[in-house]
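Colleague: Next come the chains, spelled out residue by residue.
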Amino acid sequence: MPLFYEKKQLVAPGDLLAEGDYVSGDSTYKENEKIYASRLGLVDYDGKRVHVVALKAFYIPVPGDTVIGKVVETTPSGWVIDIKAPHPARLRASDVVERSFKPETTDLPSIFDVGDLIIANVIAYDRTRDPQLTVREPGLGKIVRGQLVEVTPTKIPRIIGRQGSMVGMIKRETGCQLTIGQNGLILISGRSPEAERLAVMALRKIEKESHTSGLTDRVTEMIRKERKAVESN
Amino acid sequence: MKVTKKKPKKEREKMANKKSEKLIDKKGIRLDGRKVDELRPVKMDVGVLSNADGSAYLEQGRNKILVGVYGPKEAHPRHIAKQDRAVIQCRYHMAPFSVDERKSPAPSRRDVELSKVIREALEPAVFLEYYPRTSIQVYIEILQADGGTRCAGITAAALALADAGIPMRDLVVACAAGKAGGKIALDLMDTEDKVGEADVPVALMPNLNAITLLQMDGNLSVDEFNAAVDMALGGCKKLYELQKEALKSKYVSAEEAK
Chain A
1 MPLFYEKKQL VAPGDLLAEG DYVSGDSTYK ENEKIYASRL GLVDYDGKRV
51 HVVALKAFYI PVPGDTVIGK VVETTPSGWV IDIKAPHPAR LRASDVVERS
101 FKPETTDLPS IFDVGDLIIA NVIAYDRTRD PQLTVREPGL GKIVRGQLVE
151 VTPTKIPRII GRQGSMVGMI KRETGCQLTI GQNGLILISG RSPEAERLAV
201 MALRKIEKES HTSGLTDRVT EMIRKERKAV ESN
Chain B
1 MKVTKKKPKK EREKMANKKS EKLIDKKGIR LDGRKVDELR PVKMDVGVLS
51 NADGSAYLEQ GRNKILVGVY GPKEAHPRHI AKQDRAVIQC RYHMAPFSVD
101 ERKSPAPSRR DVELSKVIRE ALEPAVFLEY YPRTSIQVYI EILQADGGTR
151 CAGITAAALA LADAGIPMRD LVVACAAGKA GGKIALDLMD TEDKVGEADV
201 PVALMPNLNA ITLLQMDGNL SVDEFNAAVD MALGGCKKLY ELQKEALKSK
251 YVSAEEAK
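Protein chains in written order, with this note's numbering: chain A, 1 to 233; chain B, 1 to 258.
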């Protein structure tokens, strides 16, 4: 049962990763007991599971995910939301409007208009139908302030860190609120533009160096250094 | 008034052979200084466009090709969407300034045919069944043409697809071989293609060892055909190494830029 690459080595689509009794994980595929990479990325082994952390990928909705999207259209029965997935997502008006919703009387654009950004949860998606969203939970709904940062969706787990260690650290060090959309969009809202700038810098650093170890410590250090430099000015 | 009589067929064939013989000199050197089994100099770049989801730029000799990829996204018009898989919409297009004499920018019969042929060469490599009802758009723009653009287009399109993060079974790499000046030669350029006897473009998925495109234009004996395919496959393997290097170098340069 040989493995052909070391952990964190860069592979291209079609590269043979492992042979034998292994399980194929993200961005890989299995054929005739052989596991190949299907995207450009870094190999990782996790027991019997072989997967590739892709350098670039697109978002595939999973029920339960929190996503950040943009309203692209209002229809008589709801909204069409762009969540950067292959299919546009639907948000039904009956999900938002209390009690009996009547398409002829309710003014939907006054709730969410084209161009608005919203935080929502995916409730259903099965490839035969477009993804369904909901905003009926605390913390969801229209975004009124803050900054958006976009990263490749495959890097979201790294940004969250083990049990949320990385986001937790950024929140603590910069004093910003971070809302992470699984689709690669991250909302930052802080007390000052300076705090937000620090958080954006930290996210960009994580994105660029996501494959390295000891990243949390280095990002902490960077934020502290930056903050000191600003304070001393 | 001078009247030129059409020469008898035998004589015409003889003349054509004479012209073709000049393509390779006695030492086996071709018009552009290459040996028979040598590729043109190749340069590949990945991620050159910021608005497309994936992109690649390729130079092979005097060929200059730019590819942009979008998707997978909702298929438009709706009726082209397939319920069980994604569709690839592929456009091969030659820029008006890509050839000596201005070419009309409207898609020609040849453009339409090559679009189809390239699409079919790429389809086996992409996991289309993962993304039903969507379309993946591949735009291949020939900025400058000098023979072998369908192959160079496939090589560049595979890079752009990989750059867009679209899951693939394997990269696709293409190369042509043919007969010019009476000898089997690799990677024919424009003059060799037009004056020479035959051209055999081949596209390959190198790790799976599967051919996704095989065409022949001209006349070859069975032995010559086999020799040409073998030579083209050899060329594909060389190009594949360059392809992987190009993909990986994008990442390495990002790492160095910290």
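Hints were generated in silico from the structure; no laboratory data involved.
C-beta: ideal position from N, C-alpha, C; glycine also.
Be aware that one or more of the hints could be misleading.
Which stretches of chain A does chain B cover? Using the computed rule of at least three CB atoms under 8 Å from a CB of chain B, they are [unchecked claim]:
no., segment
1, 5–19
2, 37–48
3, 70–82
4, 108–119
Colleague: None of the hints should be skipped; say for each whether it holds.
Modeller: Now for the hints, and whether the structure bears them out:
For a cut-off of 8 Å, the count of residues in the segment 5–19 of chain A with a CB near a CB of chain B stands at 6, and the three-residue condition holds. Under a criterion of three residues with beta carbons nearer than 8 Å to beta carbons of chain B, the stated coverage of the segment 37–48 of chain A is upheld, 3 such residues being counted. Counting residues of the segment 70–82 of chain A whose beta carbon lies closer than 8 Å to any beta carbon of chain B gives 0, which falls short of the minimum of three for the stated coverage. Coverage of the segment 108–119 of chain A by chain B is violated. Counting CB-CB distances below 8 Å, 0 residues qualify, and the rule asks for three or more.
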